[in-house]
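Visitor: Sequence:
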Amino acid sequence: MISPSLKTRSKGQYRLISEMLLFLIGIMITSYVIINFNSLQTGVNNMATRDQMENVIDAVASAIVKVANTDNSTIRLVIPGIVSGNVYKISIKDQHGLFFGGIINVTTLDGAISVERQLFNIDYDNTISSNHVINNSEVVSSAELIEIRKNEKITLVRG
Numbered sequence: 033m034i035s036p037s038l039k040t041r042s043k044g045q046y047r048l049i050s051e052m053l054l055f056l057i058g059i060m061i062t063s064y065v066i067i068n069f070n071s072l073q074t075g076v077n078n079m080a081t082r083d084q085m086e087n088v089i090d091a092v093a094s095a096i097v098k099v100a101n102t103d104n105s106t107i108r109l110v111i112p113g114i115v116s117g118n119v120y121k122i123s124i125k126d127q128h129g130l131f132f133g134g135i136i137n138v139t140t141l142d143g144a145i146s147v148e149r150q151l152f153n154i155d156y157d158n159t160i161s162s163n164h165v166i167n168n169s170e171v172v173s174s175a176e177l178i179e180i181r182k183n184e185k186i187t188l189v190r191g
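Residue numbers (my numbering): 33 to 191.
Some hints here could point you the wrong way.
Derived lysine to aspartate or glutamate pairs resembling DMTMM-like cross-links, with alpha carbons at most 20 Å apart [what the hints assert, rightly or not]:
#  : residue 1 : residue 2
1  : K121      : D142
2  : K98       : D142
3  : K125      : E51
4  : K121      : E170
5  : K185      : D126
6  : K121      : D103
7  : K121      : E179
8  : K185      : D142
9  : K121      : E176
10 : K43       : D83
11 : K125      : E184
12 : K121      : D90
13 : K185      : D103
14 : K121      : E86
What the hints contain is simulated information worked out from the structure, not anything from laboratory work.
I would like the entire structure built from these sequences, with the hints used as guidance.
Guide: Rendered as structure tokens:
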């Protein structure tokens, strides 16, 4: 027969072990929820940043198309200084290929997120220098005001 003191002592050990296991399971569930929430938050932030960059590209692209259809013109455009807490740069480049189009690229300064769009509807017949209508240029968003100029080529500069 088991003595009453031994029986009481083993009950306490089982209870201590079960409480420790319950505590560890709680910690595991809590850490799982925190890790999943952080990854979801990062994904949503990246998606919001891309969407905001797409809006900036739309504004710059429409201004470039307007400037391309007139001679010796300038359009000033107000852009947001930061997008989702990130400073970014806008660059335009001439692209050689089937359509001879230009490319607008909006990239965060650390290069983590980048959005690119090809330019169409630019008149190449009224340019002087061998079908190159876009002067490769870039502007950092901290300017918050950019100018899109067209003399011989389309250039993006701080406003």
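Visitor: Confirm or reject each hint.
Guide: Okay, the hints, checked on the actual structure:
| no. | hint | in the structure |
| --- | --- | --- |
| 1 | K121 / D142 | holds (10 Å) |
| 2 | K98 / D142 | violated (31 Å) |
| 3 | K125 / E51 | violated (64 Å) |
| 4 | K121 / E170 | holds (7 Å) |
| 5 | K185 / D126 | holds (10 Å) |
| 6 | K121 / D103 | violated (26 Å) |
| 7 | K121 / E179 | holds (14 Å) |
| 8 | K185 / D142 | violated (29 Å) |
| 9 | K121 / E176 | holds (11 Å) |
| 10 | K43 / D83 | violated (60 Å) |
| 11 | K125 / E184 | holds (15 Å) |
| 12 | K121 / D90 | holds (15 Å) |
| 13 | K185 / D103 | holds (10 Å) |
| 14 | K121 / E86 | holds (13 Å) |
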